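Enquirer: In the order they appear, the protein sequences are chains A and B. All residue numbers for the first sequence refer to the numbering used here, where the first residue is 1 and numbers rise by one. All residue numbers for the second sequence refer to the numbering used here, where the first residue is 1 and numbers rise by one.
It should be emphasised that the hints constitute simulated quantities derived from the structure, not laboratory data. Note that the structure is a prediction, hence the values are computed from the model and not measured. One or more hints might be untrue.
Examples of chain B residues toward chain A, derived with CB under 7 Å [stated by the list, open to error]:
| id | residue |
| --- | --- |
| 1 | N51 |
| 2 | N88 |
| 3 | F134 |
Derived SDA-like pairs: lysine to any residue, alpha-carbon spacing no greater than 20 Å straight-line [unchecked claim]:
| id | chain 1 | residue 1 | chain 2 | residue 2 |
| --- | --- | --- | --- | --- |
| 4 | B | K129 | B | L96 |
| 5 | B | K66 | A | M170 |
| 6 | B | K78 | A | I179 |
| 7 | A | K182 | B | H62 |
| 8 | B | K78 | A | E167 |
| 9 | B | K66 | B | S24 |
| 10 | A | K182 | B | A26 |
| 11 | A | K205 | A | A226 |
| 12 | B | K129 | B | F119 |
| 13 | B | K66 | B | Q85 |
| 14 | B | K78 | B | H62 |
| 15 | B | K133 | A | L85 |
| 16 | A | K182 | A | T103 |
| 17 | A | K182 | B | S24 |
| 18 | B | K157 | B | M93 |
| 19 | B | K133 | A | A262 |
| 20 | B | K133 | A | Q165 |
| 21 | B | K78 | A | L81 |
| 22 | A | K182 | B | D74 |
| 23 | A | K182 | B | K129 |
| 24 | B | K78 | B | G187 |
| 25 | B | K66 | B | M109 |
| 26 | B | K133 | B | R108 |
| 27 | A | K182 | B | T94 |
| 28 | A | K205 | A | L81 |
| 29 | B | K133 | A | V265 |
| 30 | B | K78 | B | K157 |
Even for Gly, the Cβ is constructed at its ideal location relative to N, Cα and C.
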Amino acid sequence: MAIEQPALPTAMGAGFRRGVWLTWATLLILLAAAGYELNLDFGYLSQKLPFLLGLKLAPDGFIQGAALTIFVTSISMICALGVALITALGRMSRNPVAFAIATFYASLFRGTPLLVQVLIIYLALPQIGVVLGGLSSGLIALSLNYGAYLAETIRSGVMAIPAGQREAAMALALPRWVITWKVMAPQALRLIIPPAGALFVSMLKDSSLVSIMGLWELNFLAQSYARTTYHYMEMLIAAALIYWALSILFELVQFRLERRFARGVAVAGGR
Amino acid sequence: MPELITLSRVNKWHGSTHVLRDVSLAVTTHERIVICGPSGSGKSTLLRCINGLEPHQSGEIHIDGKLMAGATRDAIRKEVGMVFQSFNLFPHMTVLENLSLAPIWTRRMTREEARATAFHYLERVHLAKHAEKFPNQLSGGEQQRVAIARALCLNPKIMLFDEPTSALDPEMIQEVLDIIIELAESGMTLLCVTHEMGFARRVSNRIIFMDHGEIIEQGSPAQLFERPESPRLEAFLARVMHGDR
Chain A
1 MAIEQPALPT AMGAGFRRGV WLTWATLLIL LAAAGYELNL DFGYLSQKLP
51 FLLGLKLAPD GFIQGAALTI FVTSISMICA LGVALITALG RMSRNPVAFA
101 IATFYASLFR GTPLLVQVLI IYLALPQIGV VLGGLSSGLI ALSLNYGAYL
151 AETIRSGVMA IPAGQREAAM ALALPRWVIT WKVMAPQALR LIIPPAGALF
201 VSMLKDSSLV SIMGLWELNF LAQSYARTTY HYMEMLIAAA LIYWALSILF
251 ELVQFRLERR FARGVAVAGG R
Chain B
1 MPELITLSRV NKWHGSTHVL RDVSLAVTTH ERIVICGPSG SGKSTLLRCI
51 NGLEPHQSGE IHIDGKLMAG ATRDAIRKEV GMVFQSFNLF PHMTVLENLS
101 LAPIWTRRMT REEARATAFH YLERVHLAKH AEKFPNQLSG GEQQRVAIAR
151 ALCLNPKIML FDEPTSALDP EMIQEVLDII IELAESGMTL LCVTHEMGFA
201 RRVSNRIIFM DHGEIIEQGS PAQLFERPES PRLEAFLARV MHGDR
């Protein structure tokens, strides 16, 4: 998975960083120039932008646009994290039932399309008596789908820690929770954060799937405005830029966390 | 003299491989024991069984009067410090944090007491000035000395060394061996698996030779080096002494 990261190689020296920023600026200008060639209607754009961003509430009084996208993504992120932690524990468990449940769930949700999962949860569950609203169906589908992927990410991070780390901690007769939270977890997090960040950026964009259940998130709003006024380019480009800006925000958070958990690793050679 | 460690007829299998065969051993306080033998002879496994890192399938292990079992394992580990071939320092913690962990969480000291304990043992391995550094800022020899100090911070009655110099560059071996010699001279009971025969002769009062999971021969260094009884020990000595520094 490619992660675009303008601010990462801090250790590379000033020349490298300047080169990176200059190239980024050039590419941005080129992109903007190409966009300008499209003769966009900026008046219309600025009129609709507050709605797209979600600064105004929908007619039914609920949040919409980017605000709803952020809401759906952050709630799903938290739930996915919880689901993933439990699944990863099951995946590493010696209990056959826990292991089987974890692998069954991960296989099912990684092996079927997210769109199908959303529809089944929204449309099929009511037939067996579970009626869920559009929003909760979307949240559940996103959490379960991404939880399955995230569980594997967490597991691989934990498995990548050398066995000697746990052994050394056990030899010091440390309590179990100290071994888990002070010795293992910080080391696993360092390995988990980059791929988990990529997953969350991808979830941000997949959150547009909840629109099929009548939720007015960013992508849905952009498309419906576009359809009614034929301002397709304006709306699609605006939506794309907002998604991009949000992804960059996510990446900045990820970058900060990465730096924090690189403690003791990033300082090599400082003798 | 009270016996600190007793193993009686300990057997262990890894799958179908019989890695410890009827191993019996008694170690009294202040003994300094070097365990040697060809690779795969069960030396490391023996050490790992003594602090319960690996379970054994039959026989009994008593440490400081306690029978090794699930319920006593942590209590036993408090009395047994272990130093590994690959150091196994925690890379995300400073030297001081590595050393304070056991005093705080195992020995329930206050942070100040833990800090004092950590510095006490850092002084002993001559590394107090590196307290705030991270492990990967230190050389291999320094890391292993920190690992020794970390094990000592547990204030154990016994120290186990599992090939403590095998992962080191040649020029760093001596600094680690010197620390172990100092420790031995201070009266610490220790068991050390090593291929450093000169060191073995100098530090130990007893050498145990293992092969294929069995204790083949044991005795004083002079006895084993000069008058080996079994042909296997003789062959082993011929091989290691040839390459001895």
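Enquirer: A separate judgement is required for each hint: does it hold in the structure or not?
Expert: Verification of the supplied hints:
{"no.": "1", "hint": "N51", "verdict": "6 Å, holds"}
{"no.": "2", "hint": "N88", "verdict": "4 Å, holds"}
{"no.": "3", "hint": "F134", "verdict": "4 Å, holds"}
{"no.": "4", "hint": "B:K129 with B:L96", "verdict": "10 Å, holds"}
{"no.": "5", "hint": "B:K66 with A:M170", "verdict": "18 Å, holds"}
{"no.": "6", "hint": "B:K78 with A:I179", "verdict": "15 Å, holds"}
{"no.": "7", "hint": "A:K182 with B:H62", "verdict": "31 Å, violated"}
{"no.": "8", "hint": "B:K78 with A:E167", "verdict": "14 Å, holds"}
{"no.": "9", "hint": "B:K66 with B:S24", "verdict": "16 Å, holds"}
{"no.": "10", "hint": "A:K182 with B:A26", "verdict": "36 Å, violated"}
{"no.": "11", "hint": "A:K205 with A:A226", "verdict": "19 Å, holds"}
{"no.": "12", "hint": "B:K129 with B:F119", "verdict": "10 Å, holds"}
{"no.": "13", "hint": "B:K66 with B:Q85", "verdict": "27 Å, violated"}
{"no.": "14", "hint": "B:K78 with B:H62", "verdict": "14 Å, holds"}
{"no.": "15", "hint": "B:K133 with A:L85", "verdict": "32 Å, violated"}
{"no.": "16", "hint": "A:K182 with A:T103", "verdict": "27 Å, violated"}
{"no.": "17", "hint": "A:K182 with B:S24", "verdict": "37 Å, violated"}
{"no.": "18", "hint": "B:K157 with B:M93", "verdict": "26 Å, violated"}
{"no.": "19", "hint": "B:K133 with A:A262", "verdict": "14 Å, holds"}
{"no.": "20", "hint": "B:K133 with A:Q165", "verdict": "19 Å, holds"}
{"no.": "21", "hint": "B:K78 with A:L81", "verdict": "36 Å, violated"}
{"no.": "22", "hint": "A:K182 with B:D74", "verdict": "18 Å, holds"}
{"no.": "23", "hint": "A:K182 with B:K129", "verdict": "24 Å, violated"}
{"no.": "24", "hint": "B:K78 with B:G187", "verdict": "18 Å, holds"}
{"no.": "25", "hint": "B:K66 with B:M109", "verdict": "24 Å, violated"}
{"no.": "26", "hint": "B:K133 with B:R108", "verdict": "24 Å, violated"}
{"no.": "27", "hint": "A:K182 with B:T94", "verdict": "13 Å, holds"}
{"no.": "28", "hint": "A:K205 with A:L81", "verdict": "18 Å, holds"}
{"no.": "29", "hint": "B:K133 with A:V265", "verdict": "11 Å, holds"}
{"no.": "30", "hint": "B:K78 with B:K157", "verdict": "9 Å, holds"}
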